[in-house]
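Engineer: Protein chains in written order, with the numbering used here: chain A, 1 to 295; chain B, 1 to 342.
Any given hint could be a false lead.
Here are the computed lysine-lysine pairs in the DSSO-like style, where the Cα-Cα straight-line distance is at most 27 angstroms [stated by the list, open to error]:
hint : chain 1 : residue 1 : chain 2 : residue 2
1    : A       : Lys93     : A       : Lys165
2    : B       : Lys130    : B       : Lys171
3    : A       : Lys43     : B       : Lys10
4    : A       : Lys54     : A       : Lys283
5    : A       : Lys161    : B       : Lys197
6    : B       : Lys14     : A       : Lys43
7    : B       : Lys65     : A       : Lys25
8    : A       : Lys68     : A       : Lys43
9    : A       : Lys43     : B       : Lys94
10   : B       : Lys8      : A       : Lys43
11   : B       : Lys11     : A       : Lys43
12   : B       : Lys202    : A       : Lys161
13   : A       : Lys25     : B       : Lys63
14   : B       : Lys11     : A       : Lys50
15   : B       : Lys65     : A       : Lys43
16   : A       : Lys122    : A       : Lys208
17   : B       : Lys197    : B       : Lys170
18   : A       : Lys191    : B       : Lys8
19   : A       : Lys43     : A       : Lys191
20   : B       : Lys8      : A       : Lys50
21   : A       : Lys283    : A       : Lys25
22   : B       : Lys96     : A       : Lys25
23   : B       : Lys278    : B       : Lys257
24   : B       : Lys130    : B       : Lys250
25   : B       : Lys197    : A       : Lys165
26   : B       : Lys25     : B       : Lys11
27   : B       : Lys112    : B       : Lys98
28   : B       : Lys11     : B       : Lys65
29   : B       : Lys65     : B       : Lys8
30   : B       : Lys171    : B       : Lys224
31   : B       : Lys96     : A       : Lys43
32   : A       : Lys165    : A       : Lys177
33   : B       : Lys94     : B       : Lys131
34   : A       : Lys50     : B       : Lys65
35   : A       : Lys126    : A       : Lys208
36   : B       : Lys98     : B       : Lys119
If you are wondering where the hints come from, they were derived from the structure by calculation, not from laboratory data.
As the structure is a prediction and not an experimental result, all values here were calculated from the model.
Here is how the chains run, residue by residue.
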Amino acid sequence: KLGQALNSALKKLARSSTVDEATIKEIVRDIQRALLQADVNVKLVLQLTKQIQKRALEEEPPAGVSKKEHIIKIVYEELTKFLGTEAKPLEIKHKPTVILTVGIQGSGKTTSVAKLARYLQKRGYKVGVVCSDTWRPGAYYQLRQLLDPFGIEVFGDPEEKDAVKLAREGVEHFREKGVDVIIVDSAGRHKEEKGLIEEMRQISEAIKPHEVILVIDGTIGQQAYNQAMAFKEATPIGSIIVTKLDGSAKGGGALSAVAATGAPIKFIGTGERIDDLEPFDPKRFVSRLLGLGDI
Amino acid sequence: MFGKLREKLKKFTKQVEEKIEEEEKAVEAPMAGEEIQKAVQESTETEGEKPGFLGRLLQVEIKEKDIEDALDELEIELLEADVALETVEALREKIKEKLVGRKVRIGTNKGKIIEEALKEAILEILTPEKKIDLLQMIKSKEDKPFVIAFVGFNGSGKTTTIAKLAHWLKKNGFSVVIAASDTFRAGAIEQLEEHAKRVGVKVIKHDYGADPAAVAYDAIQHAKARGIDVVLIDTAGRNELNRNLMDEMKKIARVTKPDLVIFVGDSLGGNAVVEQAKQFNEAVRIDGVILTKLDADARGGAALSISHAIGAPILFVGVGQGYEDLRPFDEKWFVERIFGED
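Based on the sequences and whatever the hints tell you, model everything.
Structural biologist: Set out below in structure tokens:
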């Protein structure tokens, strides 16, 4: 609905013979609305659109390019620049590479861990998964059910209550087995749960991961920035996975997480099946945010 | 919990108040103190009849331009509190409706008038057409069991909420059985069984991959045979665009004919949650809403947006991971929380 509104605004612009300041402001306002409805952080939206407006007013479009086309180009440039223009792949350099995943309750960590394990296995790596979630009932069984069919081993103990101990022993276990990648799943937590944030910091210190991945729900709203910030303060977030982008969510909250952590998005989750994990593509993501489809 | 939202609304009140006071000064200026006294007296005397010339002079009318700037600011603040864009716009219209053209007598407490208008606008957005008294509804149903189906997006907190609600119902003297109708997500059945063991209720389950409607049907038969009061049906998380899963949900509703369908929504969600709620409401009529994760410093905007979008009341809010962390919700409480002193 909003994508259409944006499109019609841009069409209106195309029809008008001259593009004056008022028209540009109108377009900028439409873009603002599109981004806000996509759950992009309000402050970020204001900051981005200010920059877009400035460039649209000052820059002359190159020969052969209409003012309208030029404005769309500016919007794309500013947004993709923000997201890191090129895709940054996950690097497996050490043996074993230790990866820790963190995130809010229900954001999709456990499913993403299984997806990532399978993704790496398909690329020829030997993978071990550690379940350090001592909080949510059924967490260990969930991983086993997802990974047993692929012969990926899951280390865990539903009876153990010490998450830090589990993580440490799990990493040690797989180190001895000589796997290439160890992925540690952790319990969901949010920034107000100080005890759990501290536990996460301790896990991170105990296993010294090469990469900490923040898993963030594509439907998250304005709290994304503050939550991501709290995670970053406790652990060195190195990359982001945005989940649940198969629904109508546009994932704008993830942009705020990028802004808060300075970490790039590396994958997106697009469904519940284990293969529903795609490397991140900034251009497609921006199209989605603006509701314009692939262009 | 809603401190931020409260701050913003207070700010709005103050801004509008100042604007009106400016206009008051313009009215008062030509008159000396004594004359004002006299004028006030006269106008009081004529009250109830046609207001005299001076009576008209002594009141200012709130104009659109007085509140426009403050509304623009409030709009941003509401968006930051996760109130969905369309709800923000509806709220804006309502506030305007209530304030523009309103005549305020000089000397009256304008802050109070503005705040009351804000409260009314929010309460109107929040108050659904019908209310639900859950305990009363369960008690008054003649043929047991009372069946509640839970639906929602992945990871919104359905399973944990069901455990909390089972605990709450038990505390209120009802017997409960849970149907493990999420036969899809790995670990779902084990998770539910562990919860049920801890709160002391039985789970009716089949294997993974079984027909969710059949599991729910069995649970209802089990409850009937044993005179159990309430059946809670846990369903798999699904997204609003997945046709097959939405059809599956409709089938569960058809087969079990629930007395109540509850949508479980994540209060950390933004505009997307409103879209979800609408689509779910279209597929199976939603009777009530439970908002989860309100303890995660959520700004509470989702409460406003969901109520506005689907017109169903919010029954409970989840405020933690413990079984006690489920709090009955009513609109007045919410508005009091927003406006009340901390």
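Engineer: Given the proposed pairing of B:Lys202 with A:Lys161, does the C-alpha separation stay at or below 27 angstroms?
Structural biologist: holds, 25 angstroms
Engineer: Is the hinted pair A:Lys50 and B:Lys65 satisfied, with a Cα-Cα distance of at most 27 angstroms?
Structural biologist: holds, 25 angstroms
Engineer: Tell me if the straight-line CA distance from A:Lys161 to B:Lys197 falls inside 27 angstroms.
Structural biologist: holds, 18 angstroms
Engineer: Check the hint pairing B:Lys65 with B:Lys8 against an upper bound of 27 angstroms on the C-alpha distance.
Structural biologist: Given pair B:Lys65, B:Lys8 holds - Cα atoms ~19 angstroms apart, limit 27 angstroms.
Engineer: For the pair we were handed, A:Lys54 and A:Lys283, check the Cα-Cα distance against 27 angstroms.
Structural biologist: Holds, because 22 angstroms separates the two Cα atoms, which is no more than 27 angstroms.
Engineer: Has the given pair, B:Lys11 with A:Lys50, been kept, meaning a C-alpha gap of at most 27 angstroms?
Structural biologist: Measuring from Cα to Cα gives roughly 25 angstroms; hence the hint holds.
Engineer: Within 27 angstroms, alpha carbon to alpha carbon, are B:Lys14 and A:Lys43?
Structural biologist: holds, 23 angstroms
Engineer: Within a Cα-Cα threshold of 27 angstroms, do A:Lys43 and B:Lys94 meet the stated pairing?
Structural biologist: This hinted pair holds, its Cα atoms lying about 25 angstroms apart.
Engineer: Is B:Lys94 within 27 angstroms of B:Lys131, Cα to Cα?
Structural biologist: At roughly 22 angstroms apart (the allowed maximum being 27 angstroms), B:Lys131 and B:Lys94 satisfy the hint.
Engineer: Between B:Lys98 and B:Lys119, does the CA-CA distance stay at or below 27 angstroms?
Structural biologist: holds, 11 angstroms
Engineer: Does A:Lys177 sit within 27 angstroms of A:Lys165, going by the straight-line distance between their CA atoms?
Structural biologist: holds, 18 angstroms
Engineer: Do the alpha carbons of A:Lys93 and A:Lys165 lie within 27 angstroms of each other, as the hint requires?
Structural biologist: holds, 26 angstroms
Going through the hint list in order, the structure satisfies each hint without exception.
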